[in-house]
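These protein sequences, in sequence, are chains A and B. In this text, residue positions in the first sequence follow the working numbering: the first is 1, and each later residue adds one. In this text, residue positions in the second sequence follow the working numbering: the first is 1, and each later residue adds one.
A portion of the hints provided could be inaccurate.
[As the list claims (entries may be wrong)] Here are the simulated SDA-like pairs of lysine to any residue, each with C-alpha atoms no more than 20 Å apart in a straight line:
1) B:Lys-36 x A:Met-78
2) A:Lys-107 x A:Phe-62
3) A:Lys-42 x B:Leu-11
4) B:Lys-22 x B:Met-46
5) B:Lys-41 x A:Pro-8
6) B:Lys-40 x A:Arg-51
7) B:Lys-18 x B:Thr-80
8) A:Lys-107 x B:Lys-40
9) B:Lys-40 x A:Lys-15
10) A:Lys-42 x B:Pro-61
11) A:Lys-15 x A:Met-78
12) A:Lys-42 x B:Leu-51
13) B:Lys-40 x A:Glu-59
14) A:Lys-42 x B:Ser-106
15) B:Lys-36 x A:Thr-87
16) A:Lys-5 x A:Ile-20
17) B:Lys-36 x A:Ala-45
18) A:Lys-111 x A:Gln-3
19) B:Lys-40 x A:Ala-24
20) B:Lys-41 x A:Gln-99
21) A:Lys-42 x B:Lys-18
22) B:Lys-41 x B:Ser-86
Derived from the structure by calculation, the hints contain no laboratory data.
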Amino acid sequence: QQQVKQSPQSLIVQKGGISIINCAYENTAFDYFPWYQQFPGKGPALLIAIRPDVSEKKEGRFTISFNKSAKQFSLHIMDSQPGDSATYFCAASVESNYQLIWGAGTKLIIKP
Amino acid sequence: ETGVTQTPRHLVMGMTNKKSLKCEQHLGHNAMYWYKQSAKKPLELMFVYSLEERVENNSVPSRFSPECPNSSHLFLHLHTLQPEDSALYLCASSHGTSNYGYTFGSGTRLTVV
Numbered sequence: 001q002q003q004v005k006q007s008p009q010s011l012i013v014q015k016g017g018i019s020i021i022n023c024a025y026e027n028t029a030f031d032y033f034p035w036y037q038q039f040p041g042k043g044p045a046l047l048i049a050i051r052p053d054v055s056e057k058k059e060g061r062f063t064i065s066f067n068k069s070a071k072q073f074s075l076h077i078m079d080s081q082p083g084d085s086a087t088y089f090c091a092a093s094v095e096s097n098y099q100l101i102w103g104a105g106t107k108l109i110i111k112p
Numbered sequence: 001e002t003g004v005t006q007t008p009r010h011l012v013m014g015m016t017n018k019k020s021l022k023c024e025q026h027l028g029h030n031a032m033y034w035y036k037q038s039a040k041k042p043l044e045l046m047f048v049y050s051l052e053e054r055v056e057n058n059s060v061p062s063r064f065s066p067e068c069p070n071s072s073h074l075f076l077h078l079h080t081l082q083p084e085d086s087a088l089y090l091c092a093s094s095h096g097t098s099n100y101g102y103t104f105g106s107g108t109r110l111t112v113v
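Bound conformation, chain A alone (with noise of 0.2 Å):
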């Protein structure tokens, strides 16, 4: 119920392609679904949130879409470039509790 269940595992993409990273879960109480991305040596960092009152929310190259009727949501990165191989990581949570469900982690290569 409580769990967060990321995929794949690892992933590699050709520069300029598009990445797509899987995240699903079961609490129907959950409101609020941040990406994190973690490069070597360092802590996670905020990447993007969204909320499920939409459907998807854009920042630049990277895209959540949320469904909340099969509870999944996923990032996508376009036009990927190898500064964005890093580790990335979907959560999720009731927005008013800080016990944030974090995903097992993506390791994503961007070949040149």
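Following the hints, position chain B against chain A.
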């Protein structure tokens, strides 16, 4: 730097040692967190402090002991650790305990030998 500073960056300790991890933030945040990050596992929330009071202790073994002397500093005291405690320990801070916009430090890579 993100505004959350963790020291040391790397730590190797024996199972009988006592050591402390330090976290410092000057972002004006009033909630601070300790997370454990192990390879291929989700981030594990260990402790939450809000306004210097502990509000969460996620069934963490007593060999981990947190301390929050003020809203800018957070410590994790370690003693008699086990090899399976080897991991990256991350500190984070936020405004209140709403989970919007955590700021993480770069972590302490802990190896228990």
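Honestly, which of those hints from before does the structure not fit?
Of the numbered hints given earlier, those the structure breaks are 1, 6, 9, 10, 12, 13, 18 and 21, listed in rising order.
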